[in-house]
Every structure is written in C-alpha cells, then in structure tokens.
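Please construct the entire structure, taking both the sequences and the accompanying hints into account.
The chain contents come next:
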Amino acid sequence: MDEIAAAEEAAKPAQPASYRLKREPFTFTGTTREYFGIWIVNILLTILTLGIYSAWAKVRRQRYFYGNTWLAGANFEYHARPVQILIGRIIVVGFLVAYNIALQFLPLVGGLIGVAFLFLIPFFVSRGLRFNARVTSYRNVRFDFTGKYGGAFLAYLLGGALVYGSAGILAPLASQWMWNYSLGNLKYGGRPIKCEPRLEKLYGQWWLPATILVIGWIVIIVVLVGLAVTFSDTLSALFSFEPDSPQEDYSSEQDMPSPTTILILIYGILIPFFILYAVAGLLYRAGTRNVALKETVIDGRHALDSQIHRGRYAWIAISNLLATLFTLGLLRPWAAIRMAKYMASVTALDATSSLEEYFGGIQQEGAAVGSEYMDVEGFDLGF
Amino acid sequence: MASDPAAGIAGTWRRKDKARGNSAVLRMDRDGVASVTDPESGDSLAAAPAGRVAISDRVGSIPRRIEFADAGTFETPDNDAIDRLFYGAGIHRRGFVHELERFRPRLVLVVVAVVALCFAVYRYALPVLVEVAVAVTPPVVPELMSQSVLASLDGSVFAPSELAAERQSSISRGFDELKALSPRGLDGYTLHFRKGGIIGPNAFALPDGTVVLTDELAEMTDDDEMILGVLGHEIGHVDLDHSLRQLYRAAGVTALIMMIGGDIGSGTEDLLVQGTGLLALSHSRTAEREADRKSVELMYRAGKDPAAIARFFELLRDRLNDTGTSDFFSTHPATPERIEETRRYAEEVMNAPDCCKPE
Numbered sequence: 001m002d003e004i005a006a007a008e009e010a011a012k013p014a015q016p017a018s019y020r021l022k023r024e025p026f027t028f029t030g031t032t033r034e035y036f037g038i039w040i041v042n043i044l045l046t047i048l049t050l051g052i053y054s055a056w057a058k059v060r061r062q063r064y065f066y067g068n069t070w071l072a073g074a075n076f077e078y079h080a081r082p083v084q085i086l087i088g089r090i091i092v093v094g095f096l097v098a099y100n101i102a103l104q105f106l107p108l109v110g111g112l113i114g115v116a117f118l119f120l121i122p123f124f125v126s127r128g129l130r131f132n133a134r135v136t137s138y139r140n141v142r143f144d145f146t147g148k149y150g151g152a153f154l155a156y157l158l159g160g161a162l163v164y165g166s167a168g169i170l171a172p173l174a175s176q177w178m179w180n181y182s183l184g185n186l187k188y189g190g191r192p193i194k195c196e197p198r199l200e201k202l203y204g205q206w207w208l209p210a211t212i213l214v215i216g217w218i219v220i221i222v223v224l225v226g227l228a229v230t231f232s233d234t235l236s237a238l239f240s241f242e243p244d245s246p247q248e249d250y251s252s253e254q255d256m257p258s259p260t261t262i263l264i265l266i267y268g269i270l271i272p273f274f275i276l277y278a279v280a281g282l283l284y285r286a287g288t289r290n291v292a293l294k295e296t297v298i299d300g301r302h303a304l305d306s307q308i309h310r311g312r313y314a315w316i317a318i319s320n321l322l323a324t325l326f327t328l329g330l331l332r333p334w335a336a337i338r339m340a341k342y343m344a345s346v347t348a349l350d351a352t353s354s355l356e357e358y359f360g361g362i363q364q365e366g367a368a369v370g371s372e373y374m375d376v377e378g379f380d381l382g383f
Numbered sequence: 001m002a003s004d005p006a007a008g009i010a011g012t013w014r015r016k017d018k019a020r021g022n023s024a025v026l027r028m029d030r031d032g033v034a035s036v037t038d039p040e041s042g043d044s045l046a047a048a049p050a051g052r053v054a055i056s057d058r059v060g061s062i063p064r065r066i067e068f069a070d071a072g073t074f075e076t077p078d079n080d081a082i083d084r085l086f087y088g089a090g091i092h093r094r095g096f097v098h099e100l101e102r103f104r105p106r107l108v109l110v111v112v113a114v115v116a117l118c119f120a121v122y123r124y125a126l127p128v129l130v131e132v133a134v135a136v137t138p139p140v141v142p143e144l145m146s147q148s149v150l151a152s153l154d155g156s157v158f159a160p161s162e163l164a165a166e167r168q169s170s171i172s173r174g175f176d177e178l179k180a181l182s183p184r185g186l187d188g189y190t191l192h193f194r195k196g197g198i199i200g201p202n203a204f205a206l207p208d209g210t211v212v213l214t215d216e217l218a219e220m221t222d223d224d225e226m227i228l229g230v231l232g233h234e235i236g237h238v239d240l241d242h243s244l245r246q247l248y249r250a251a252g253v254t255a256l257i258m259m260i261g262g263d264i265g266s267g268t269e270d271l272l273v274q275g276t277g278l279l280a281l282s283h284s285r286t287a288e289r290e291a292d293r294k295s296v297e298l299m300y301r302a303g304k305d306p307a308a309i310a311r312f313f314e315l316l317r318d319r320l321n322d323t324g325t326s327d328f329f330s331t332h333p334a335t336p337e338r339i340e341e342t343r344r345y346a347e348e349v350m351n352a353p354d355c356c357k358p359e
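Protein chains in written order, with our numbering: chain A, 1 to 383; chain B, 1 to 359.
Just so you know, not all the hints are guaranteed correct.
[To be verified] Which stretches of chain B does chain A cover? Using the computed rule of at least three CB atoms under 8 Å from a CB of chain A, they are:
| # | segment |
| --- | --- |
| 1 | 60–67 |
| 2 | 95–108 |
| 3 | 118–127 |
| 4 | 246–257 |
| 5 | 266–276 |
Keep in mind the hints are simulated off the structure, nothing from the lab.
Glycine included, C-beta positions come from ideal geometry on N, C-alpha and C.
Put into structure tokens, the structure is as follows:
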C-alpha cells in the first residue's frame, strides 16, 4: 500500500489541475482460512467423481477469486456454468488422448494432427479469451472479447515462432502483439479498452532477464566444464565400456554406468538451466505486465496501472512453488491467496472522472451473454 | 449487518444489465414473497415469490447475488442473513458443499480422505479403468498402430534381414509351434526378420501380434531354443496387452493430474507429470517379469526347455558383462535377477506339471 501511496504522490504533480486523477486501488479480500476449505473439498470431490466435479470445482475457485477482487467498492464476478466447462474439458481431454495414441502408434498421422492442431491454436485462444471475458462481470455488466483468428495467429503462433527463432531477442515484439490482442480486444459494456505497449518500453524490461540469461549460461557452462575437468578420472572410468575386459576385480559400476548415474548427471545439468529460465521468465513477465497495464486506457478516459516489483514477484512465485512441494500441496491455498493479494495490491485504476457517475451510464451491450461458450484450459491468460 | 427480519437485509440493487448501484433492502413477507425496496423513498424495486428468485451459491464470504428474473439483481455481503431468510423459509436448500468447506476441525478428515483417495485411485481405480479401456478397444486400433510403427521403423532404421534362409525357416518352425499353443492361434502372431542397424540385438512385439527379431540377436547364438525363449517372451507381451496397458495408464495419469491442475498450480502440475513418468518405469519392469514367466510356461508346454530364456540371459550376461542391479530408473529388471527368477520358475513348472500341461 505504501508503494501505491508513494506512486500516487509522484503521479499527482504531473497532472494539470483540471485533469486530476483519482486513484482506485484493486484489493483482494480472500483468506487462506476460507480458501483452504474450498480447495480441499474441490480436490476431494474431484477425485470421488473421477474428475467430473473438476468443472464445478473450477467455478467455485474462480468465483472465490473473482468475488474477492474489489475495485472502487464493487467486486468482480465469475458466471460460467459448470456444464459449459465440463463439455469444454471433455473435448480437450478427448482430443489429447486421441492425439497421444496417434502419436504413439501412428507417428505420421499423429504428426499431421499435430500440425493441424498448431493452426487450431489461434482459434482455441480467441474462443477461450472470449469465454473468459463473457463469464466475467463487474457491477452487473459483462465483459466481451472481440479478437478474431487472425489476431491470435499473429500474437500466439507467429509471436511464439519469433521468440524461439530469435532466441528471445524479439520477445518484446511478441509481448506487444500478445498484450495488444488479449487486453486490447476486451470490451466493457460496449466500451473499448485500448492496450498499446510501446516497444521501447517493453525492451526496457527485457534487458535484465536477457542479461541474467547470458551470464547464467556462462556461469553454468564454466562450472560444468570445471567439474568435468576436476572429476575427469571418475567420468572416464564411468564411461569406459569394454565388453571384452576380463572380469577380475572390476565392480559392475566401473564397466557400465548405471542408468541412475546417467539420469543424475542429466538432471544435474538440466536443473540449473531450468531454474535460470524460470527466474528470467518470471522477471520478464512481471516487467511486461507493468508496461502493458500502464499503457492501457479504458474507454479513452481511465488508465490502468501496475507496479510489480520484479524481484518480489519472482520471490513470491518461487517460494510459493517450494512451499507447495515441500508440504505435499497443503500450502497451495496459502500460496494462491498470497499471490492474488500481491497482484491486486500492485494494480490500480486511475480514473479521470467520478467513477460513480461513469458507471451510472454503463450498461450491457450486444449479445455478450450467448450460450455457445467454449472454455479452453491452458489459455487462461492472466489479466 | 442488521439481520432483524423486519428491518430486512441491506445491500445493493442493480437493474438488469445496468452498472449503476443503489442501496436497497431485501425483505420477505408472510406469504413468502421476496421484495426489494429503496430504503429512502420506500418504493418497491422488485418483488417475486421467493421460489422464483435465483440465489447464487455461497462461496466463502463473497457477496451473494439474488436475481429477480427480468428486474435486476440484489447483492449483499450478509451471507448468513440470506441463508436464514431463504433456508429458514424452507424455500432453498442449504449448500452442502459450502458446509463441508467451512474451516472446522472436521476439515482434517477431508484432508485425510484426500490423501487416502489419491493413493487409492492410483493404486486401484486406475488399473480398473485401464482394463476397461483395453477391453473395449476394437482390434482394428492395435492393427493400425502396429502397421504404422513397423512401416516407420522399416523406413528409418531397419534393413531387410540377411539371416540365412535355413536359419529363418528353422526359427519360424519353432515359432509356429509356440503360436499353436497360444490364445490367438496360428493367425494371431506374425514373425518378421529384420536387420536391426542401430537398434542392434533386439526383439519386440507390437500389440497386433507382430513380433520382430533382429539378425543381430539371432546371430548371438546357434541355439534356436534360446531364440524361441525370447520369442515366447514377446508372445507374452502380446497376450497380456502390455503396450496398450502402458499407453492407457500414462494417458489416465496425465488426465487425472490435469483435472486438479487448476487447484495445484501449473508449476506443481508440470513436476507431477514428470514424476509419474518415473513411476511408469516400475510398471514396465513388472510387465517384463510377467512376459518372462509366459515364456517359461509356453516353452514347457511346447515340450522345449522352459529355462531357454534363462540361458539367453546368461548369454547376455557373459557377452555384455551385464551384472548391474535394477533400480528405480530401469525399464527392465536386472539380468542376474531375471536369470535367477526364470530358472526358479522353470524348476517350479517342471516339478508341478499340472499347472500348464501341454494340451
């Protein structure tokens, strides 16, 4: 809260007097105590019903998190019906099962389906975003999403290819497309939301994770080479495999490395890289969210703001994961609430006019409340 | 919050599709008609029989929504008052799930039940589901799968067999004897000879009964019986539907993890999927042991040496110096262990010949 107050003080003098911004912070009022019960019962009933309840579980979870997110004295609400989610899940699970069977036993057909699926991804993304928007309301008015296939193709397929193809150098361009598509196509009560993060700002958030990646690579490789040289005798003993060597006093480990040894070596090399990429990814994601939300304007008059402290965010995410793992999942509710509280506390809306007056003129527009919903798991993109 | 029935429940009223909110009071009269009024003017904003309004389920302490079909929505954070008003009148049922979710000592029982259930599902329910899936799989599925695998191996690593024709036909004759004694019969299995290339000495079975033997393996020994012991092991894999089972098992575990994915977070979900991959290896070891036993039984019933596969493992041990022990990460049990186990079982079969007598 101090951060917000400070930011508010900093922001005020920059504005002309006639253009006074009123800052409305987001707050999250959920508690671990309450959510723990919801969470554990969700899992219990999901297992008892062999997964069918998971759709109901998702609705209760989402209703809890949306319902506890407040802005200017009103909360968000989640309206998806469990049956809609269940149907979406059956489609996705059925598809994945078929795809995996095909890939296992019909590699050629499986590969073709994989390519076809690649081109279906933009469709799933746009429908998933639309579903999420249309089941979300604030003050009794639903959101809507108007993004189409083309935009999703650019933002997710081309953007993704660009990130991999350029080894991350063009990641900010992909982020720009992604935010522009996912947030910039949202509508609230028929009013447009514009999200146009500038590329130079996104690159400003790119330097730190990129530098960490480069330095991390160098350090890991130096350490690995150092270790390999130091223990070269052990290593060469491990991998000298001579089938005709006489069986005298050699123990089996010296003749052939056991699969355990090989796996430990592989994981020992991969885990530092995994941690490196996870940290860089968290820092980048937090930085780009700050940029994107700061450049988001609702209905041409209200601005969003995001003040994530990147180090703090990475720390919360990593310590949450570790806490969850070391308690066999039991601290997961605490971790989820902790993250939601933090994310709400660093997000705010800067209103240029009286919000009460503004919302007085807002009403549901168009056929946002249809029934052809399609929830696609894995495309719940955070906003 | 005031919960005196006469005073009503305080909340916010929003007309249908409108964002504007006005403070309002919800009451219920003796006839069971729920009404919303403006507290200042006393004007009625909406009224309907309590049975006709839609009340949102209680989740934690988020505000409740009471929807009056075409008029609008009344919202209030006073969940208890809503429960008293509607449940007390016997109009709506109390939320069972919410009662269960409340932070009470009995929640400990729920935690214990979840842990026990996770174990039970993995240990008992999943195998049953796998059996059902195997039983309902039409034969055309494994046929298509097998043809495709063989075609892609032929196109990449395999070359036509260079094994002498006499050797091929003597192995095939022995294989026919084994087929005749197996549940799928003479047409149920086909033996293919291939030059293994980078796959080297190997034999494997595909789910439709296709068995592939590489030249490299056949050339390890002149003793056809040892080769037949290996082929008997592959027939065992076919008869026990091992490839289908492993496939369904992996798919089932992944699906179960995905179901609770939203509740455990994506990081934990990824780690779990990786972890179950390791567990699948232990199932693979069990499958190998089962197939070894099938080989022993089949060879005995064919009037051949039931310990032929044990002799083959001994050959492997001596040639490759393979004396390692099996561990958590192995797909196959260790060779010394398999030798001991198959020898023991061969003895058992020979001394108790009733179990699997030649028919």
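Taking the earlier hints as the rules, which of them does this structure contradict? none
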